[in-house]
Amino acid sequence: DAGVTQSPTHLIKTRGQHVTLRCSPISGHKSVSWYQQVLGQGPQFIFQYYEKEERGRGNFPDRFSARQFPNYSSELNVNALLLGDSALYLCASSLMTASSGNTIYFGEGSWLTVV
Amino acid sequence: RKEVEQDPGPFNVPEGATVAFNCTYSNSASQSFFWYRQDCRKEPKLLMSVYSSGNEDGRFTAQLNRASQYISLLIRDSKLSDSATYLCVVPITGGGNKLTFGTGTQLKVEL
Chain A
1 DAGVTQSPTH LIKTRGQHVT LRCSPISGHK SVSWYQQVLG QGPQFIFQYY EKEERGRGNF
61 PDRFSARQFP NYSSELNVNA LLLGDSALYL CASSLMTASS GNTIYFGEGS WLTVV
Chain B
1001 RKEVEQDPGP FNVPEGATVA FNCTYSNSAS QSFFWYRQDC RKEPKLLMSV YSSGNEDGRF
1061 TAQLNRASQY ISLLIRDSKL SDSATYLCVV PITGGGNKLT FGTGTQLKVE L
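Taken in sequence, the protein lines are chains A and B.
Our numbering numbers the first residue of the first sequence as 1 and each following residue consecutively.
Our numbering numbers the first residue of the second sequence as 1001 and each following residue consecutively.
Pulled out of the complex, with its shape left as it was, chain B reads as follows (with noise of 0.2 Å):
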């Protein structure tokens, strides 16, 4: 089992719809997480932060399964500028500014 598992997509939807992206991880003891966005040859910038069973920003909203080791984010209403690719981002072991990334999941927000 890979540390970080993510659905690639692209997941194409339209203007005002609600999506729903899923991530896996094997690593039983972590304990935060988190969900980057990452624009077009930009670099990763921070979305949420999770470390209990859930986080909400606005239309954003972040669940932690610990059993079924999942982490979830929602994204309701959405708009043109949500299309980027969603990287679910979990702490290697030892803390700091290590990270282990998912491929990251694409988002096309259309008209």
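Next comes chain A alone, as it looks inside the complex (with noise of 0.2 Å):
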């Protein structure tokens, strides 16, 4: 069974650039969450989906966006890029929204590179 993929994994953009990222949940699951990981940092928490629709927004600006497409899958979104926005940008995926008990399975993310 295919896990939490995630596309590209690998790109340079220039700053004010916009980047599209991707990520198709494991089969079933309903749930999309994004993180960005700065090195030497844990992941922090940007946003989640949950049946097309956004359940929760971290502290991001809104240079950043994301939506959750019919089929489940994902795309974050930035506009502007800051050099500050090199991260790794991980997508998890879930089966609902509930507490505890709810597993959560991590993509093994996209490297971006503003240069």
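Note that these hints are calculated values from the structure, not bench results.
A hint or two may mislead.
Below 30 Å or equal to it, Euclidean Cα-Cα: the simulated DSSO-like pairs (lysine-lysine) are [to be verified]:
no., chain 1, residue 1, chain 2, residue 2
1, A, Lys52, A, Lys30
2, B, Lys1108, B, Lys1002
3, A, Lys13, B, Lys1042
4, A, Lys52, B, Lys1042
5, B, Lys1042, B, Lys1108
6, B, Lys1045, A, Lys30
7, B, Lys1108, B, Lys1079
8, A, Lys52, A, Lys13
9, B, Lys1045, A, Lys52
10, B, Lys1045, B, Lys1079
11, A, Lys13, B, Lys1045
12, A, Lys30, B, Lys1042
13, B, Lys1079, B, Lys1042
14, B, Lys1042, B, Lys1002
15, B, Lys1045, B, Lys1002
16, B, Lys1045, B, Lys1108
Bear in mind that the values here come from a model prediction, so they are computed numbers and not experimental data.
Make the complex out of the two chains shown on their own, each in a separate frame, by following the hints.
Here is the structure:
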């Protein structure tokens, strides 16, 4: 069975450009969330989507946006890239928005370098 | 106080040693806690879940102290393959897969 898949795995962008990162959750999982992990730090929550609706947003500027499609895949978009956006972007999927006992699976991430 | 706080390490220990990591959290209402393991340039993977006072899985033991708001992870008989960063994780109120991660504690097990 395929796990959480993300694309692209690595990319380099220039300041001011826009980037779109993609995520396909595990089959049957309806909840997708996005995290940013800067080198030397733990992942930071950006967005959560469930059944195509935004269910949570972390402390990130409006340059960050996301959406979830009918097949539960998701896109993270970042506009007007800054050097500080260089990070590993992780997508996580889970079955539903239940609390404890809801195992969360991460994809391998997309490494973004902004130059 | 940070939402989740960990000693970043690194902890350098010899093979076979016992090592313990502590993590403190600020939200006293938190009910569940997790330890994730992250290898260099890889995604985090769930190591253990903690819902009551503690959990044990082979060489790994997680303990929860709600009064003091800290969680610990004990690794016995360390192996070279245990070298990784260990992330303390607390769900954000509201459930789902919204998590708050600590900065991680780096462990290096040496011969």
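Item to check | Satisfaction of hint between Lys1108 (chain B) and Lys1042 (chain B), Cα-Cα up to 30 Å | outcome: holds, 16 Å
Item to check | Lys1045 (chain B) paired with Lys52 (chain A) [C-alpha distance capped at 30 Å] | outcome: Holds. Lys1045 (chain B) to Lys52 (chain A) sits at ~25 Å (cutoff 30 Å).
Next on the checklist: Hint check: Lys1108 (chain B) vs Lys1002 (chain B), CA-CA at most 30 Å. Holds or violated?
Outcome noted: holds, 25 Å
Checklist entry - If you draw a straight line from the CA of Lys1079 (chain B) to the CA of Lys1042 (chain B), is it 30 Å or shorter? => result Between Lys1079 (chain B) and Lys1042 (chain B) the Cα gap is close to 19 Å, so the pair holds against 30 Å.
Item to check | Proposed proximity, Lys30 (chain A) with Lys1045 (chain B) (alpha carbon, max 30 Å) | outcome: holds, 19 Å
Checklist entry - Are the Cα positions of Lys1045 (chain B) and Lys1002 (chain B) separated by 30 Å at most? => result holds, 23 Å
Next on the checklist: Checking one constraint from the list: CA of Lys1042 (chain B) to CA of Lys1002 (chain B), max 30 Å. Satisfied?
Outcome noted: Since the Cα atoms of Lys1042 (chain B) and Lys1002 (chain B) sit roughly 25 Å apart, the hinted pair holds (cutoff 30 Å).
Checklist entry - When you check the alpha-carbon spacing of Lys1045 (chain B) and Lys1079 (chain B), does it fall within 30 Å? => result holds, 18 Å
Item to check | Agreement of Lys30 (chain A) and Lys1042 (chain B) with the hint, judged by alpha carbon distance not exceeding 30 Å | outcome: With a Cα-Cα distance of about 24 Å, the restraint between Lys30 (chain A) and Lys1042 (chain B) holds, given a limit of 30 Å.
Item to check | Given hint Lys13 (chain A) paired with Lys52 (chain A) - CA-CA distance at most 30 Å | outcome: holds, 28 Å
Next on the checklist: Holds or violated: Lys1045 (chain B) and Lys1108 (chain B), Cα atoms, limit 30 Å.
Outcome noted: holds, 18 Å
Item to check | Pair hint Lys52 (chain A) and Lys1042 (chain B), alpha-carbon separation not exceeding 30 Å | outcome: Within the cut-off at roughly 27 Å; holds.
Of the hints listed earlier, there is not a single one the structure fails to meet.
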